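Number of protein chains: 2
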Amino acid sequence: MSVKNRLIYLPLGGAGEIGMNCYVYGYGPEDRERLIVVDLGVTFPDMDTTPGVDLIMADVKWLEERAERIEAIFITHAHEDHIGALGHLWPRLKKRVYARRFTAAIGRLKFEEQGHPLDVIHTVEPRPAVIEAGPFSVQFVPLAHSIPESSALIIDTPAGRIVHSGDFKLDPTPIVGEGWDEATFAAIAAERPVKALMCDSTNIFSPLPGRSEATLADPIHGLIAGAGGMVVATTFASNVARLKTLAEAGRAAGRSVCLLGRAMQRMVKVAQETGVLTGFPPTIPSEQATEVPRQNLMLIVTGSQGERRAATAQLSRGKYLGLEMKEGDMFLFSSKTIPGNERDVLRIMNALSEMGVDIVDDSNGRYHVSGHANRPDLEVMHQTLKPQMLIPMHGEHRHLREHVKLGETRGIPGEIATNGMMVDLSGDKPEIVEYIDTARLYLDGSVLIGAMDGVIRDRIRMALNGHAMVNVILDEDDSALGEAWVELMGLPEVGKHGQGLAEMMETEVSGFLETASAKIMRDDDKLDEALRRIIRQVSVEEIGKKPEVTVVVSRLAVE
Amino acid sequence: MSVKNRLIYLPLGGAGEIGMNCYVYGYGPEDRERLIVVDLGVTFPDMDTTPGVDLIMADVKWLEERAERIEAIFITHAHEDHIGALGHLWPRLKKRVYARRFTAAIGRLKFEEQGHPLDVIHTVEPRPAVIEAGPFSVQFVPLAHSIPESSALIIDTPAGRIVHSGDFKLDPTPIVGEGWDEATFAAIAAERPVKALMCDSTNIFSPLPGRSEATLADPIHGLIAGAGGMVVATTFASNVARLKTLAEAGRAAGRSVCLLGRAMQRMVKVAQETGVLTGFPPTIPSEQATEVPRQNLMLIVTGSQGERRAATAQLSRGKYLGLEMKEGDMFLFSSKTIPGNERDVLRIMNALSEMGVDIVDDSNGRYHVSGHANRPDLEVMHQTLKPQMLIPMHGEHRHLREHVKLGETRGIPGEIATNGMMVDLSGDKPEIVEYIDTARLYLDGSVLIGAMDGVIRDRIRMALNGHAMVNVILDEDDSALGEAWVELMGLPEVGKHGQGLAEMMETEVSGFLETASAKIMRDDDKLDEALRRIIRQVSVEEIGKKPEVTVVVSRLAVE
Numbered sequence: 019m020s021v022k023n024r025l026i027y028l029p030l031g032g033a034g035e036i037g038m039n040c041y042v043y044g045y046g047p048e049d050r051e052r053l054i055v056v057d058l059g060v061t062f063p064d065m066d067t068t069p070g071v072d073l074i075m076a077d078v079k080w081l082e083e084r085a086e087r088i089e090a091i092f093i094t095h096a097h098e099d100h101i102g103a104l105g106h107l108w109p110r111l112k113k114r115v116y117a118r119r120f121t122a123a124i125g126r127l128k129f130e131e132q133g134h135p136l137d138v139i140h141t142v143e144p145r146p147a148v149i150e151a152g153p154f155s156v157q158f159v160p161l162a163h164s165i166p167e168s169s170a171l172i173i174d175t176p177a178g179r180i181v182h183s184g185d186f187k188l189d190p191t192p193i194v195g196e197g198w199d200e201a202t203f204a205a206i207a208a209e210r211p212v213k214a215l216m217c218d219s220t221n222i223f224s225p226l227p228g229r230s231e232a233t234l235a236d237p238i239h240g241l242i243a244g245a246g247g248m249v250v251a252t253t254f255a256s257n258v259a260r261l262k263t264l265a266e267a268g269r270a271a272g273r274s275v276c277l278l279g280r281a282m283q284r285m286v287k288v289a290q291e292t293g294v295l296t297g298f299p300p301t302i303p304s305e306q307a308t309e310v311p312r313q314n315l316m317l318i319v320t321g322s323q324g325e326r327r328a329a330t331a332q333l334s335r336g337k338y339l340g341l342e343m344k345e346g347d348m349f350l351f352s353s354k355t356i357p358g359n360e361r362d363v364l365r366i367m368n369a370l371s372e373m374g375v376d377i378v379d380d381s382n383g384r385y386h387v388s389g390h391a392n393r394p395d396l397e398v399m400h401q402t403l404k405p406q407m408l409i410p411m412h413g414e415h416r417h418l419r420e421h422v423k424l425g426e427t428r429g430i431p432g433e434i435a436t437n438g439m440m441v442d443l444s445g446d447k448p449e450i451v452e453y454i455d456t457a458r459l460y461l462d463g464s465v466l467i468g469a470m471d472g473v474i475r476d477r478i479r480m481a482l483n484g485h486a487m488v489n490v491i492l493d494e495d496d497s498a499l500g501e502a503w504v505e506l507m508g509l510p511e512v513g514k515h516g517q518g519l520a521e522m523m524e525t526e527v528s529g530f531l532e533t534a535s536a537k538i539m540r541d542d543d544k545l546d547e548a549l550r551r552i553i554r555q556v557s558v559e560e561i562g563k564k565p566e567v568t569v570v571v572s573r574l575a576v577e
Numbered sequence: 019m020s021v022k023n024r025l026i027y028l029p030l031g032g033a034g035e036i037g038m039n040c041y042v043y044g045y046g047p048e049d050r051e052r053l054i055v056v057d058l059g060v061t062f063p064d065m066d067t068t069p070g071v072d073l074i075m076a077d078v079k080w081l082e083e084r085a086e087r088i089e090a091i092f093i094t095h096a097h098e099d100h101i102g103a104l105g106h107l108w109p110r111l112k113k114r115v116y117a118r119r120f121t122a123a124i125g126r127l128k129f130e131e132q133g134h135p136l137d138v139i140h141t142v143e144p145r146p147a148v149i150e151a152g153p154f155s156v157q158f159v160p161l162a163h164s165i166p167e168s169s170a171l172i173i174d175t176p177a178g179r180i181v182h183s184g185d186f187k188l189d190p191t192p193i194v195g196e197g198w199d200e201a202t203f204a205a206i207a208a209e210r211p212v213k214a215l216m217c218d219s220t221n222i223f224s225p226l227p228g229r230s231e232a233t234l235a236d237p238i239h240g241l242i243a244g245a246g247g248m249v250v251a252t253t254f255a256s257n258v259a260r261l262k263t264l265a266e267a268g269r270a271a272g273r274s275v276c277l278l279g280r281a282m283q284r285m286v287k288v289a290q291e292t293g294v295l296t297g298f299p300p301t302i303p304s305e306q307a308t309e310v311p312r313q314n315l316m317l318i319v320t321g322s323q324g325e326r327r328a329a330t331a332q333l334s335r336g337k338y339l340g341l342e343m344k345e346g347d348m349f350l351f352s353s354k355t356i357p358g359n360e361r362d363v364l365r366i367m368n369a370l371s372e373m374g375v376d377i378v379d380d381s382n383g384r385y386h387v388s389g390h391a392n393r394p395d396l397e398v399m400h401q402t403l404k405p406q407m408l409i410p411m412h413g414e415h416r417h418l419r420e421h422v423k424l425g426e427t428r429g430i431p432g433e434i435a436t437n438g439m440m441v442d443l444s445g446d447k448p449e450i451v452e453y454i455d456t457a458r459l460y461l462d463g464s465v466l467i468g469a470m471d472g473v474i475r476d477r478i479r480m481a482l483n484g485h486a487m488v489n490v491i492l493d494e495d496d497s498a499l500g501e502a503w504v505e506l507m508g509l510p511e512v513g514k515h516g517q518g519l520a521e522m523m524e525t526e527v528s529g530f531l532e533t534a535s536a537k538i539m540r541d542d543d544k545l546d547e548a549l550r551r552i553i554r555q556v557s558v559e560e561i562g563k564k565p566e567v568t569v570v571v572s573r574l575a576v577e
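So the sequences go chain by chain: C and W. The first sequence finishes on residue 577 if you use my numbering, and the numbering steps up by one all the way, no holes. The second sequence finishes on residue 577 if you use my numbering, and the numbering steps up by one all the way, no holes.
Simulated from the structure, these hints should not be mistaken for laboratory data. A quick note: this is a predicted structure, and the numbers were derived from the prediction, not measured. Incorrect hints may appear among the rest.
Since the list gives no way to pick out one identical chain from another, each pair is judged satisfied if it fits inside one copy or across any two copies.
Calculated cross-link-like contacts (lysine to aspartate or glutamate; reagent style DMTMM-like; alpha-carbon spacing at most 20 Å) [claimed, not checked]:
{"id": "1", "residue 1": "79", "residue 2": "130"}
{"id": "2", "residue 1": "287", "residue 2": "98"}
{"id": "3", "residue 1": "564", "residue 2": "72"}
{"id": "4", "residue 1": "564", "residue 2": "64"}
{"id": "5", "residue 1": "337", "residue 2": "196"}
{"id": "6", "residue 1": "423", "residue 2": "345"}
{"id": "7", "residue 1": "404", "residue 2": "433"}
{"id": "8", "residue 1": "354", "residue 2": "376"}
{"id": "9", "residue 1": "344", "residue 2": "433"}
{"id": "10", "residue 1": "514", "residue 2": "131"}
{"id": "11", "residue 1": "423", "residue 2": "372"}
{"id": "12", "residue 1": "354", "residue 2": "380"}
{"id": "13", "residue 1": "79", "residue 2": "532"}
{"id": "14", "residue 1": "564", "residue 2": "476"}
{"id": "15", "residue 1": "79", "residue 2": "305"}
{"id": "16", "residue 1": "537", "residue 2": "547"}
{"id": "17", "residue 1": "112", "residue 2": "266"}
{"id": "18", "residue 1": "354", "residue 2": "143"}
{"id": "19", "residue 1": "344", "residue 2": "376"}
Produce the entire structure from the sequences given, and follow the hints as far as they go.
This is the structure:
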């Protein structure tokens with residue numbers, strides 16, 4: 019009797035959301051499949067749902083429990099939502115990592131910071147080079163994106179060829195790296211039929227064909243040539259093609275160019291060292307920039323998303339590294355604002371406006387292009403690869419759903435597979451065969467905590483409701499020793515009757531303790547519940563809020 | 019010697035922000051000006067800056083201290099950012115309130131809830147009716163907006179005529195209420211030259227002329243006529259013109275129409291009762307809607323901004339009032355997402371997508387129009403009124419700045435006056451004469467607290483850092499009685515060494531108490547500081563975070 023092998027796909031992150039990409043492919047007998055992991059990314063926290071958290075990543079418990087079956091980890095490109103968790107999660111998997119030169123260099127910087135061995139990250143050349151990983155043969159195919167060396171993966175298996183698109187756009191002239199070449203992808207499909215295409219869905223709702231990075235050069239040159247005062251421009255630090263365009267436009271306008279922000283300096287350095295970025299104009303350090311007349315100066319800075327500690331936010335607050343924006347200066351946002359960051363970005367724009375700075379943003383679409391394929395571009399990819407089935411990824415549910423619909427208009431069967439949905443690709447159509455409990459891990463300070471641990475839920479509750487702490491000391495006879503003590507945090511001092519809120523609570527609690535039955539006074543749980551109720555009652559009555567309550571009952575035994 | 023009178027303008031809210039509008043005009047000798055207040059609005063909280071807060075409004079302390087000089091309060095229209103604080107702040111001012119019929123009715127509902135006298139709210143007719151208020155003669159001039167009866171105010175003073183635009187658009191066919199009529203405004207300027215125009219700046223960055231509410235009827239009718247399953251549409255509850263268009267489109271497509279959400283039902287009721295809304299199609303109650311086949315049903319619901327308790331969010335979570343969305347239904351967002359609400363709205367769209375619902379939003383610009391004048395419309399207003407000076411309002415700093423620039427291109431001197439900047443309008447040009455300390459009040463539960471009280475700062479800190487509470491009991495000799503007790507909230511239970519975080523803190527604190535000098539043990543402040551430091555040190559070491567710390571030291575005296 020022969021064992022039946024199957025080919026499976028399992029997204030653990032990035033499907034049903036934009037961020038923390040983590041995809042698994044498996045081949046072999048059921049529950050004994052050999053596995054490869056594609057990307058280990060992070061997503062970013064927000065005050066609404068994850069206050070105080072530093073980074074969010076997929077919980078890789080499913081993979082940890084099957085670590086001996088994992089052949090390798092592949093990283094498609096160096097954006098944080100694809101590589102950001104590598105340093106944090108690698109110790110749980112401890113497998114070889116494969117990436118192209120620039121991506122591998124970024125990965126090694128992360129490993130250095132974390133003290134992981136650097137030699138587990140292997141630099142791979144693009145197709146036709148092949149990495150053999152158990153039943154998988156993997157090739158990296160260059161595609162344009164908004165960072166150097168983004169790659170699709172061709173994943174060959176005994177059950178057929180998979181193309182995992184990674185993040186991409188169809189850009190024939192991306193300034194940095196290889197441009198879109200339809201012939202390459204046509205050849206991939208001609209060489210061996212594509213069983214399944216796992217495809218970027220980010221821009222499925224953008225109806226017009228994407229524009230090339232190269233189209234920005236003229237407008238940006240024109241804009242900067244016409245500027246009078248200092249020019250400051252921001253974009254994503256990893257978009258080195260954009261940085262080059264901006265820097266060249268600055269130089270062409272007779273300006274000295276200074277890069278501000280550690281992330282940006284690091285990206286340019288790594289891109290130059292790995293050879294992906296050449297011909298970048300000379301730059302000056304910030305100490306020197308302070309000596310340059312402002313009409314001859316251009317700063318290219320981090321913080322396009324309003325990040326509070328980045329250079330853009332710093333400049334909006336006043337002097338930064340000796341540099342200061344003034345009336346008549348120009349600030350160019352060569353970027354789009356990611357949903358959720360609007361408030362932070364607008365806060366900065368208004369602060370700059372108060373300084374008299376002229377702000378140019380992407381609202382007229384002239385100074386920024388997206389790094390993702392738009393709807394017509396996705397159709398080109400579908401037509402070129404002619405996959406037997408389509409599984410959209412890198413999108414929220416609405417993106418995946420729309421992308422499946424788009425494929426179906428060309429007769430390509432698809433499936434909406436969100437995080438945790440295991441898809442069997444072995445047959446003619448994708449088939450969901452299992453639902454894995456997926457979860458998220460939070461990097462919180464220096465530790466990883468589970469999203470469901472309740473820690474963050476408690477933070478949110480304290481933020482919404484405030485926190486009252488009541489302290490009671492009981493003697494060996496279960497009688498109160500002294501008065502109750504209430505401390506408040508995040509609650510008003512005075513209630514609606516004009517009296518101190520804590521004092522009113524203390525009075526109520528002390529009164530209760532004097533008259534409470536011995537049964538309650540003896541029982542920690544009952545006493546806790548009773549005190550909690552009193553605190554909440556006073557609070558609702560006085561300020562109309564139910565605070566979080568911590569009760570500390572200290573029982574003193576005579577020694 | 020004659021006393022010199024002056025005409026002043028002082029924004030207390032709404033200038034340098036979009037929200038919580040509150041403007042003051044004064045006429046008379048310096049510091050003895052008689053005053054009128056225009057609008058008392060709120061702005062809405064967010065987790066980033068105001069967690070747990072219910073509403074935000076201008077601190078009217080400056081007005082309270084001058085209450086005897088206030089003649090009256092005028093409300094331009096019934097949007098919450100113009101009327102929302104009336105019920106909360108009126109007790110501090112206790113002056114007559116003037117508003118048109120619909121606005122006054124909404125105001126009285128608020129007064130009813132708060133138990134204020136209803137007869138202080140006076141219904142006024144539009145121009146040529148005049149309200150005399152000390153040195154001010156005020157007329158309400160109808161203008162189209164996205165709520166019935168929005169009005170500009172003509173404020174005549176001995177020093178000249180002011181036009182306070184309120185919120186407006188130039189819509190000749192607004193479906194509900196009076197349309198834009200240039201002749202009316204030309205006559206206002208011809209009658210008496212306009213000394214100053216205080217003007218809505220919301221859409222200064224929208225380069226094309228605004229579109230009329232009436233242009234939506236055809237696209238919306240077409241969309242709904244083509245729908246198969248149940249149709250649900252959301253828009254702002256107060257946009258009764260839009261509600262009418264939506265309801266008519268539903269009826270035209272043979273659907274029964276049901277309004278869901280208390281705010282929406284209330285708005286339609288008040289609009290009908292006050293006569294501003296006529297010919298609204300018949301609707302059915304929700305209990306009856308459950309009996310209607312879905313292809314014959316249309317719901318018009320609250321919650322276009324993703325508000326968690328509104329009907330849209332409820333429907334996105336499952337059954338609501340017996341109604342449930344399903345595969346093949348359509349959800350229309352006939353609205354735009356206000357910056358800051360993107361995440362909440364997208365969460366709902368994705369939840370609907372998971373139900374198989376087709377989502378139609380405003381991305382193609384067919385199913386929503388703004389209620390504010392765009393840049394070319396503002397130019398028309400400038401040209402029609404030909405004001406001697408222009409003070410932009412209802413905008414963030416960047417809007418005000420751009421609006422001043424626009425006025426200057428036509429030779430109208432302007433001034434950026436943000437909250438607290440008192441402008442003397444008496445001369446030929448606006449002149450800033452004083453800076454008032456402005457502040458915000460937070461409605462938090464049932465009490466108003468000051469933004470700077472530290473309450474909210476503490477909530478934010480607990481949310482970001484977690485909260486550790488350490489309890490220590492000392493006897494009459496200042497020695498520790500029993501062990502220290504640490505409670506954690508919003509912090510992980512276990513540190514990086516795998517031990518309980520609270521236990522490690524307790525051990526450290528107990529160890530410290532055993533060896534601490536008598537001097538420290540006697541001194542509450544020193545002891546507090548020392549314990550705080552220990553808690554933070556253990557926390558930084560173990561979890562890489564500095565929590566908020568509350569120290570409770572109970573000193574027991576022998577009785």
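Checked hints:
1. 79 <-> 130: neither (24 Å within a copy, 56 Å between copies)
2. 287 <-> 98: within (17 Å within a copy, 52 Å between copies)
3. 564 <-> 72: Between. Shortest inter-copy distance 14 Å satisfies the 20 Å Cα cut-off; intra-copy 29 Å does not.
4. 564 <-> 64: Classified as between: cross-chain Cα gap 19 Å, same-chain 24 Å, threshold 20 Å.
5. 337 <-> 196: neither (40 Å within a copy, 51 Å between copies)
6. 423 <-> 345: Classified as between: cross-chain Cα gap 13 Å, same-chain 51 Å, threshold 20 Å.
7. 404 <-> 433: For residue 404 and residue 433, the Cα distance is within 20 Å only inside one copy (16 Å; across copies 61 Å).
8. 354 <-> 376: within (17 Å within a copy, 26 Å between copies)
9. 344 <-> 433: Between copies only: 18 Å across, 53 Å inside.
10. 514 <-> 131: The answer is between: 17 Å across copies meets 20 Å, while 53 Å in one copy does not.
11. 423 <-> 372: between (47 Å within a copy, 14 Å between copies)
12. 354 <-> 380: Classified as both; 6 Å inside a copy, 19 Å across copies.
13. 79 <-> 532: Intra 52 Å, inter 43 Å, cutoff 20 Å: neither.
14. 564 <-> 476: Classified as both: same-chain Cα gap 14 Å, cross-chain 16 Å, threshold 20 Å.
15. 79 <-> 305: Answer is neither: 48 Å inside a copy and 47 Å across each miss the 20 Å cutoff.
16. 537 <-> 547: Within one copy, since 13 Å is at most 20 Å while 38 Å is not.
17. 112 <-> 266: Result: close neither inside a copy nor across copies, 42 Å intra and 63 Å inter.
18. 354 <-> 143: neither (32 Å within a copy, 47 Å between copies)
19. 344 <-> 376: So residue 344 and residue 376 pass the 20 Å test inside one copy only (10 Å; across, 48 Å).
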